[in-house]
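**Q** Given next are the chains, with one letter for each unit.
There are 2 protein chains.
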Amino acid sequence: MNKLDSLLTPKSIAIIGASPDPNNLARGRLIPALVQGGFTGKIYPVNPNHEEIYGYKTYKKLIDIPEPFDLALIVISAKFVPDTFSDLAKCGCKFAVIYSSGFSEVGGEFSNFEEQLKSESIKHNIKILGPNGVGFLNVTGKVSATFSPGASLGEIPRNLDGVGKRLVIVSQSGGLGFALYQRAVTRGLAVSHVVSTGNEAGITTLDIVENALEDEMVGCIALYIEQLRDTQKLRPIAEKALAQRVPIIIMKAGRSSASQRAALSHTASIVGSDTAYEAMFSSLGIIRAFDQQEIIDLAAIFTTNKNPLGKKIGVISISGGGAIWLTDSCSDLGLEIPEFSSKLQNQLRNFLPEYAGVRNPIDITAQSLNSDINVRTLELLASSNEIDILAVVATLSEPKLLTKDKSRILEIMNRTLKPVVFCSYTIPKLSNISDLHDCGIPNYTSFTGCAKALHALWKYEEFINQRTEWKIPSIKTPKIKSSLNRNWTESDLKEIYHELTIRTPISIIAKNVDAALTAATSIGYPVVLKLQDPEIVHKSKVGALALGLETKAELIEAFNKVRCASKVKSDSPILIQEMISAGLDVIIGTVRDKDFGTMIMVGKGGTKVEEINDTRLYPAPISKEEAKILIQKVRLFDTLLSDGSSRSFDLDALTDVIVKVSAFAVNNEHIIDEFEINPLRVFSPGHGVIALDGYMKTLAYEELHKNV
Amino acid sequence: MNKLDSLLTPKSIAIIGASPDPNNLARGRLIPALVQGGFTGKIYPVNPNHEEIYGYKTYKKLIDIPEPFDLALIVISAKFVPDTFSDLAKCGCKFAVIYSSGFSEVGGEFSNFEEQLKSESIKHNIKILGPNGVGFLNVTGKVSATFSPGASLGEIPRNLDGVGKRLVIVSQSGGLGFALYQRAVTRGLAVSHVVSTGNEAGITTLDIVENALEDEMVGCIALYIEQLRDTQKLRPIAEKALAQRVPIIIMKAGRSSASQRAALSHTASIVGSDTAYEAMFSSLGIIRAFDQQEIIDLAAIFTTNKNPLGKKIGVISISGGGAIWLTDSCSDLGLEIPEFSSKLQNQLRNFLPEYAGVRNPIDITAQSLNSDINVRTLELLASSNEIDILAVVATLSEPKLLTKDKSRILEIMNRTLKPVVFCSYTIPKLSNISDLHDCGIPNYTSFTGCAKALHALWKYEEFINQRTEWKIPSIKTPKIKSSLNRNWTESDLKEIYHELTIRTPISIIAKNVDAALTAATSIGYPVVLKLQDPEIVHKSKVGALALGLETKAELIEAFNKVRCASKVKSDSPILIQEMISAGLDVIIGTVRDKDFGTMIMVGKGGTKVEEINDTRLYPAPISKEEAKILIQKVRLFDTLLSDGSSRSFDLDALTDVIVKVSAFAVNNEHIIDEFEINPLRVFSPGHGVIALDGYMKTLAYEELHKNV
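Protein chains in written order, with my numbering: chain A, 1 to 708; chain B, 1 to 708.
Because the hints were derived from the structure by calculation, they are not lab data.
Take the hints with a grain of salt, since some may be wrong.
Treat identical chains as interchangeable: a pair holds within one or across any two.
Said to hold, decoys possible - Calculated pairs, DSBU-like style, for lysine-lysine (alpha carbon to alpha carbon, straight line, at most 35 Å):
hint : residue 1 : residue 2
1    : 429       : 404
2    : 42        : 406
3    : 429       : 400
4    : 608       : 459
5    : 479       : 539
6    : 343       : 306
7    : 312       : 633
8    : 312       : 608
9    : 624       : 240
10   : 60        : 127
11   : 633       : 541
12   : 79        : 343
13   : 594       : 400
14   : 628       : 608
15   : 511       : 608
16   : 541       : 608
17   : 697       : 476
18   : 594       : 312
19   : 400       : 471
20   : 476       : 624
Predicted model, so just to flag it, every value in this text is computed and none were measured.
Let the hints inform the model, and build the full structure from the sequences given.
**A** As structure tokens, then:
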């Protein structure tokens, strides 16, 4: 038995604060919602002012209820909620859904109610969904424990059967969760559960996801989140989902400062760093969406339960314009629409009208509407090995258009392993959507939406296949000992680079001008001077750096100037270094994210890293294969690699350093606070890289104690 | 009187090939469509086999019709169509809509029918709409001259009145045109005309656009095109549209090779170079869309007839999650959601619930649903100068939600100059859409779609304002004389660069080794050698180039080697050139586009230009201001400029060269076939540019004669 069963599939429910007034938005609507939703278990309203509500005997107090019950729905004022828990425990109740608002999302004293709630919940071992949510809807189990008007959709058919799988929706915003449900059902998707988690004082989004993964009928999970409160669970749950091939689609809100302002007062979310979330999502194959229709478009293809072998699309259309439009949209995303072999073209010509286009896209022309040649085309292509996915452009605005062909289409779908989608350029009628759903075919109402979904399907497949080859290499890295010396100088770091076999410039420490001159002669002009002062992080800003010194005279002048920049003492050592030729300047660093731990950072380097804002994160440790994917997410590298080769820089050497730095950071993760090589100069292919400057901050003993 | 009046608003119509069979897709549906569409003029069916069709007296021959008529609708076989024109002329008919297929889109002998059609049309001065189209719908004039099922939308209200303007749809694909109509009307837009132009044997897409611009009620024009057949009209018509502030939205199909394959057999379109079209669109403020919903989203905001003064958005939401989502979507596109002043926040607090967010976005909370505070918030913000645009996030799935507030909202909208939009996260009911339309407020069903539309609105406004400052500078450029010498060498081009004041490396021509050594000494080592041979376009590929020669010995060896690469004769001159330091390599060129004439090309330079595929076109001549916009469209420059400054390269110097080259190309446009500087090396700001190599192809006398 599933551990959330008593919550999502209860046999008996008490409703604390139930009201007989149907105009009362929350309190008056829960019982009718349960009844209309088909709930067949017991209902116990609790309200001291009524004998009976909606025909159900009503209890003055919880403990008056004669039998134990599974679930409590709580719709009373926030401040009274914590007091109910000891009685709930006496009634044998294990779960409570708290709809009431006025907790931590308001702040101030209201946050105390939430703290009380949590401690009562732990004390009495009663798990909480909410507060500040709109409850849940279990469509398959017929439990409509929500007052959201979005839960009842009138005549729109809920297509729970069919050859595909089901969608679970979890949302930190109740309104958006049920809006998504409405849109999904209207598009013919089989939705099994919608859960609003609110402030997540107990049960979290990831708890619901974990639970959904135990249901083998679930084919896809869609989330709206502002933050995850149990970030450590993300990796194991996402990996389980990957293993089961159940894609997780996430809309993560709060990317801008203006929206972060709003999130705090909405579900009390301190919105996490978007770049860290993005890094986690991309490393775990979680699909990020940015629009409601996009979520539905993706969920529609992922619940069909068919996996393509490649990205070759066959397009069948009754409209020439539609064929062209979908072909463009697919091509834009890198999907292929291959020209058919002459053999296949001839087979198509056998039954298609004289003027039909048969090269792919196939224009079967509007004349075909009154015949069965659309089905014959589908049949032929479904069994062809020239394509991996089939997309049909149609007009589904006439009702019952597919009814006559439905059994033949179902037969084709039962036989083929290829995903098939329909894309209607007119607004489709529900009956056609339903017929398609029964055959396991999603329908799209947007050419670009359809293409994006096919692209995501192929990318997910590719991700799963690639991932099996990712291996985190075992790399011997230096072990840093904690010390009070917190800012490391370049020469300190040099040893670390050396142990990591990252090349550094030839350089010699000099304490006076004579030593500097000797060093320069041995290195060879031109040289570079760098002051070694732990207090100075950005050398170029304070004149602690001199480049391109060609002669002895220049060296002497520069030496005296650089020395003056020292903050600590007048005899700080100065590094004499070979001058390095031009290349691509990259930053490689590590950060400790408060939510997700050590992450590796890669981006365009130089002194303006923050302004340029072209860096990407990825959870450490990283494999070579992932490092190469990460590199391409940096805009600069993507632009440079856009000719399909890596002519402009040494991709392999850069990858190598990323992997080493990530291993180094993970092996010292409680000691290193920040680490960066900037610039790492990257030369043309085969010419490697060189670490020109760097920075490391380690944690002192007392901080270590706080952090470990 | 408008010149297309007799076509789009005829008083009498003959239907050649009319049939009484309602199952006949085209022939049997035209009369019912006209009648149901409310046509009140005269209808003359022509069919030798019937006395009466749908109650209308039917004529055996055209010339039997007793009175002159305005328009002929022709639905007979392609091959018989040309023969009808002499009789049409006798009947005083000026326009014919030809629905029949089987013309140039099929190819072969069928193309002849189209040629005959054209010559008959010219001979008898009868203008053709079609063939291979589905006719047109004039909603305002009640002329439904189409058999498209999409023209009759059942109960969906056509919102032709209201405070906004109207949309005209023109499509080379009839199916897609009427699908767009269905979507537009369902979203509450006022559509006045839908025109399917088919193969465009006579009247073109641009003719319809030109005609629509004469109707002051038209606020926006949406097009689906595969190609334009009268490209020379694009500029004057687009400029007229800009002057009238009537945005043109274009879906241009045929971007990929696979879709180009299909376009030819669809409407006989030789799909033009997409990059040239893109260049024209961006220079003329034409808005390009890629999806049907995107077209509607854009048309919805552009028909409201309100222009924003800036990009500051005030977001009002009844859902906290919805507020955050829309705010993110707007921020992603660079729109601002400013935090309100404390004065405005206090004014809002006066009437909003205690827990409402008032900083912007405003979360008025679901409690506000039963009061008028949503309208009060709208009222307050509509008159605030802290924002330019108002976006309301709502749930419009309950019918008649806005009816009670409609008159107050209308009052607000009549007073404010600010655009206001609604965005519903649930699927909106038609009644609410209609109420909003009446108030001049478009509704969106997608957060990203809403944000994109607001962004496009602001960008259009910005474009119109910027454009007034664009001035093509008058630049004196060298006049090229045509000659048979068609491939110009670098030293020939050097004079042109000199006259255009574009810097080139110091270089001296040497015919032998001794002269080369003297030259190198005078220039200073290191030097570069380049063979001057008009037959060699890519020097590095054939060894006609030597870089970084440091000594006399290296120079002598290289001189002899490079000379061997000559194809023509063993004593081709060799250029001795100063070695230029590193920088950004750019290509600047000109091309003669078959559709749109001389265009300037800018992009990432070097030897791999084709593979890198990071160049952009723009019609020449170009102003400095446009050149700067163009530069940012090149991916490489966009990446480099992404820190908001131009630190990485000399933007002004690059701009200057683009403007000069464009002027040069335009002033010699019948002589220069191709011209490029590649690489133009661009240094850091203030350090200018230098033309390192180049190429020009001029047309010989006989070709000039063909082209002028």
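**Q** Check each numbered hint against the structure and report the violated ones by number, ascending.
**A** Of the numbered hints, 2, 13, 19 do not hold.
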